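K.L.:
Sequence:
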Amino acid sequence: MQNDENIEAADVDDKANNHVDELDQNFVEFYGGYFVHEAIMEFDEFEQELAKRRNKPFYIPNQKELLKYKDDLYFERTKEYHALKKYVQQHFFDGDAYQAEELCAEIHDVCELGFSLDNVFQAFERQGIVFEGEKQVQEVMQLVMDLSNNVRLWENNGFTPHELHSRTEQPMLKPLPDEPYHMMDKSGMTRKTTTATNQDGKTVVNKKIGRNDPCPCGSGKKYKKCCGA
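Throughout the sequence shown, residue numbering follows our numbering, covering 166 to 394 in sequence.
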């Protein structure tokens, strides 16, 4: 329980239907009796997301934690998050905490919105990071997998994979790949930069797009809530 005073379902419906503008400002829609994030509706993923979370318990944060989510950029920075940040800050950014935070926040978004190792390592590439060798790649991958298993997910009704695995004893955790992850391009060479071809046919290095920057597609939304979702 978040409050001592009870609220009726009809009151919730009334508030939702009479505060549409406020919901829009926070990228939320009221649909089918649910408060739904705009990103889910835009990509027609409502039924898919609903199916993923079916028969799973709901994570209920305490009120203090819940209110932190009023900030659209807030997420829980776990010990696994801090472990990854400490590593990249020390090994890749010469102690620069701001750059380390930006990279780790982007990786957190990948874990939250659709995990894949390719997307994770593309985040490293956009920062121009070159790994020292296979050993360092595996070290980073272990830290990333630890983070991924401790990120709160919509599809788990707010539980992390680790929490849900502990509660249900079902295989929810993401394991490390059986084979070492090789950062190779199609020619078999280790990838060091990300490139693209512009309208003039010239090859250019992609500019890093921050998670909170405007999406380059011109939608007016933040990159993380549009093409970066």
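Please keep in mind that the hints were generated in silico from the structure rather than gathered at the bench. Remember, predicted model here, so these are calculated numbers, not experimental data. Incorrect hints may have been included.
Calculated lysine to aspartate or glutamate pairs in the DMTMM-like style (CA-CA distance at most 20 Å, straight line) [said to hold, decoys possible]:
#1 K233 with D176
#2 K221 with E277
#3 K221 with E328
#4 K244 with E187
#5 K235 with D311
#6 K251 with E187
K.L.:
Holds or violated: K235 and D311, Cα atoms, limit 20 Å.
P.N.:
violated, 26 Å
K.L.:
Decide if the proposed pair is consistent with the structure: K233 and D176, CA atoms, cutoff 20 Å inclusive.
P.N.:
violated, 24 Å
K.L.:
With the threshold set at 20 Å, check whether the alpha-carbon distance from K244 to E187 stays at or below it.
P.N.:
Outside the cut-off at roughly 34 Å; violated.
K.L.:
Just to be careful, I want the Cα atoms of K251 and E187 compared with a cutoff of 20 Å; is the pair within it?
P.N.:
violated, 38 Å
K.L.:
If you draw a straight line from the CA of K221 to the CA of E328, is it 20 Å or shorter?
P.N.:
It holds: about 12 Å lies between the C-alpha atoms, which stays within 20 Å.
K.L.:
Taken at face value, is the distance from the CA of E277 to the CA of K221 at most 20 Å?
P.N.:
holds, 17 Å
Of the numbered hints listed earlier, those contradicted by the structure are 1, 4, 5, 6.
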